[in-house]
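K.L.:
Sequence:
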Amino acid sequence: MKKLVIPFLFILSVTLVSGQDETFTEQDTLRGSITPERVWWDLVFYDLQVSVDPGQKYIEGKNNIRYKVLDEKQVMQIDLQEPMKIETVMQNGEPLEFTSNGNAHFISLRDKQKTGELGEIEITFSGHPREAVRAPWDGGFSWSTDENGLPFIATSCQGLGASVWWPNKDHMYDEVDSMAIRVTVPKGLVGVANGRLKNTLELEDQTTYEWYVTNPINNYGVNVNIGDYVRFEDTYTGEKGTLDLSYYVLRDHLEEAKKQFAQVPMMLEAFEHWFGPYPFYEDSFKLVEVPYLGMEHQSSVTYGNKYQNGYLGMDLSGTGWGLKFDFIIIHESGHEWFANNITYKDVADMWVHEGFTAYSENLYLDYHFGKQASAEYVVGTRRNIRNDRPIIGPYDVNKEGSSDMYYKGANMLHTLRQLLEDDEKWRGVLRGLNEEFYHQTVTSRQVEDYISQKTGIDLTEFFEQYLRTTMIPVLEYRLSPGEITYRYTRVVPGFDMPVRVYVNDQPHWLFPKKDWKIEKIEGIENMRADPNLYVLPMEIKS
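The letter at position 540 of the sequence shown is residue 1480 when you use my numbering, and the numbering goes up by one with no holes.
Please note: incorrect hints may appear among the correct ones.
When the alpha-carbon atoms are kept at most 30 Å apart in a straight line, the in silico DSS-like pairs for lysine-lysine are as follows [unchecked claim]:
#, residue 1, residue 2
1, Lys1127, Lys1246
2, Lys1127, Lys1138
3, Lys1008, Lys1285
4, Lys1339, Lys1025
5, Lys1025, Lys1127
6, Lys1025, Lys1052
7, Lys1264, Lys1199
8, Lys1127, Lys1002
9, Lys1199, Lys1246
10, Lys1025, Lys1013
11, Lys997, Lys1339
12, Lys1285, Lys1013
13, Lys1199, Lys1311
14, Lys1285, Lys1394
15, Lys1008, Lys1025
16, Lys1199, Lys1180
17, Lys1198, Lys1311
18, Lys1198, Lys1180
19, Lys1002, Lys1138
20, Lys1002, Lys1052
21, Lys1285, Lys1365
22, Lys1025, Lys997
23, Lys1013, Lys1054
24, Lys1180, Lys1285
25, Lys1285, Lys1054
26, Lys1285, Lys1339
27, Lys1025, Lys1002
28, Lys1180, Lys1138
29, Lys1481, Lys1460
30, Lys1311, Lys1180
31, Lys1285, Lys1002
32, Lys1198, Lys1264
33, Lys1339, Lys1013
34, Lys1264, Lys1246
35, Lys1002, Lys1013
36, Lys1127, Lys1198
Quick caveat, the hints were computed from the structure, so don't treat them as lab data.
In this text, all values refer to a predicted model and were calculated from it rather than measured experimentally.
Could you build the full structure based on these sequences and the hints that come with them?
P.N.:
Set out below in structure tokens:
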């Protein structure tokens, strides 16, 4: 086993909250809040059709939106971002009028909307969608070519929003129950989207690929990928039976992909153990090569890690363990449980996606390489934590918190595992989350309350500390003959998380609070804090 190496990269900050001086616009509110024009109707089905012209970087199509009336209102908000344009809106064969406020479009329905009834509108759209600058972080359409000069195209739009390229109800709280995706591409290319391929229609100079998603899906999880793809397949025998595995890769990368993608069954075995059954057996699992790093598109996980282990060949932990797996295969697939099965209602709670999924990297190592390997890895990733802003962002304005949601979130969860001292109970919590919130959108509070309930520990101050402040708890201590004097500093009121320490290399639990406490232990020669708990030990010399 490797020696546990802990980089001393804790960043102290006196800031409790950050970003309160940010200015948000009306467009931020229209995009990020559950407006009156959104709340009265519930998404049922999307029938999305899109034709892609690579040469012109142009798309056109239509989206039929089926909905259920929850309240008898007449104005519906649909989102589509400039420079894309809504051409027409129809219902029951009649054109509807709409007004636009930036990227939000307000459709006036003619027919009386009656509670409990189903309705449907048809929207045609076209334009040159925003081109991704640094996908997937600054997303949109990625227009690229492969080594042979053929078009290689993909979409990515988390945070930015699916409305960057197709009209929809672009808020995470309401997932569509199911959807069809029909992708028309130039003949000779393959169009890949979410779910299962139901039909291929050959036209004169184009081909339409018809995909169907059986399960609920979040908007940013919907994707379109186009290239000179070849396909190979496998199956995995999992907790819910046989899972179909499909891989779409560029023609020249087939042999590399067959070798590298052998990690997929290993990923499924580990994550089904920790998190429960893969959430989308009905829609299969796909891994699709794209011209950017990768993204967690539901049942159509995208891959661009260049067929190597690590994160583009790098170990994010600095321990060596990060080179034992392909970061994109493991991380982005982990999102099938935390992001696609359990989905945040507001992007402010994005840690529910990224904290658990960064933690999944550690659990993958735990399953295949052992507990020591996993501990070294997750503690090693603390080198990436900046403590610049709280993990949770401002609500209702489509604004996420700090990127610390990844590895501060992972280390928070790793700390919680230590507090339980019962790995089977912890595994039950993780599996229970995926069962309790199966195919649902959630708030951070719901997740926090569930964990408190199932662990039997009131974790209110624990989550307040790690999610809503930038402070790392500091364990101050002083050693003297026969006793340890200790306390917490830089903690929220009421924070009293126990800390495991090693006194003369023997484990011992301390129970610090803000006030000094004394623990009498005979024969103290030395003490060190357990590095698996995310606190900053600080010895005070007398």
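K.L.:
Please verify whether Lys1264 and Lys1246 have alpha carbons no more than 30 Å apart.
P.N.:
Holds - the C-alpha atoms of Lys1246 and Lys1264 are around 15 Å apart, at most 30 Å.
K.L.:
Checking one constraint from the list: CA of Lys997 to CA of Lys1339, max 30 Å. Satisfied?
P.N.:
With a Cα-Cα distance of about 29 Å, the restraint between Lys997 and Lys1339 holds, given a limit of 30 Å.
K.L.:
Are the Cα positions of Lys1127 and Lys1138 separated by 30 Å at most?
P.N.:
It holds: about 18 Å lies between the C-alpha atoms, which stays within 30 Å.
K.L.:
Decide if the proposed pair is consistent with the structure: Lys1481 and Lys1460, CA atoms, cutoff 30 Å inclusive.
P.N.:
Roughly 18 Å between the alpha carbons, so the hint for Lys1481 and Lys1460 holds.
K.L.:
For the pair supplied as a hint, Lys1008 and Lys1285, is the alpha-carbon distance within the 30 Å limit?
P.N.:
Since the Cα atoms of Lys1008 and Lys1285 sit roughly 19 Å apart, the hinted pair holds (cutoff 30 Å).
K.L.:
Take a quick look at whether Lys1285 and Lys1339 sit within 30 Å of each other, Cα to Cα.
P.N.:
Roughly 12 Å between the alpha carbons, so the hint for Lys1285 and Lys1339 holds.
K.L.:
Tell me if the straight-line CA distance from Lys1127 to Lys1002 falls inside 30 Å.
P.N.:
Holds - the C-alpha atoms of Lys1002 and Lys1127 are around 21 Å apart, at most 30 Å.
K.L.:
For Lys1002 and Lys1138, compute the direct alpha-carbon distance and say whether it is at most 30 Å.
P.N.:
Holds, at about 19 Å.
K.L.:
Between the alpha carbons of Lys1025 and Lys1127, is the straight-line distance 30 Å or under?
P.N.:
holds (26 Å)
K.L.:
Has the given pair, Lys1025 with Lys997, been kept, meaning a C-alpha gap of at most 30 Å?
P.N.:
holds (15 Å)
K.L.:
For the pair supplied as a hint, Lys1180 and Lys1285, is the alpha-carbon distance within the 30 Å limit?
P.N.:
holds (27 Å)
K.L.:
Checking one constraint from the list: CA of Lys1199 to CA of Lys1311, max 30 Å. Satisfied?
P.N.:
holds (26 Å)
Of the numbered hints listed earlier, not one is contradicted by the structure.
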